[in-house]
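Novice: To convert, note that position 50 of the sequence shown is 68 in the working numbering; the numbers rise steadily by one, no gaps.
If you are wondering where the hints come from, they were derived from the structure by calculation, not from laboratory data. C-beta atoms are modelled at their ideal positions from N, C-alpha and C, and glycine is treated no differently. Hints are not guaranteed to be accurate.
[To be verified] Distance ranges between label pairs, derived from CB positions:
id	residue 1	residue 2	range
1	73	34	12 to 22 Å
2	91	33	34 to 44 Å
3	34	76	33 to 43 Å
4	77	48	14 to 24 Å
5	51	76	35 to 45 Å
6	60	109	12 to 22 Å
7	104	25	20 to 30 Å
8	78	110	27 to 37 Å
9	109	130	26 to 36 Å
10	73	47	16 to 26 Å
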Amino acid sequence: MPVVGHAFAGLATAMQFAPASAHDRRQPTSAASALWAPAVVATSYFPDIVTQLGGALGVSYSNFYGQHPAVGLAAGIVLGAAWSRFTGTPVMRAMAIAVGCILGHDLLDDIQGTDWAWNFRIVQSPVLGLSP
């Protein structure tokens, strides 16, 4: 998907799921409210960030790792927990939004046919112990 498409998807997610108050009904801090949209947009770029950083650092098959659903799930849980701790947002809500953003990115790439983690070229790779 074009780079700007992920930004729109992240922005739409941020607008749909505005920062929520914690269980004690205290309002999110002004910093949490101000950083909400940029944080959600950045989270939706996570697979591309992993892919680009991995490639720059010479990690073989960084695209595979960046677009892998298990990596996205784990990263979403960690990023959501960190956001919850930083802002006081309910932890399950923050994790669900982060996981949804990351896996949504992968889904959009899959629909377009780019950066698919399970494409034929990667499946026949030493990463999975298979050879062409």
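Novice: Any hints from earlier that this structure breaks? Give me their numbers in increasing order, please.
Specialist: Violated: hints 1, 2, 4, 10.
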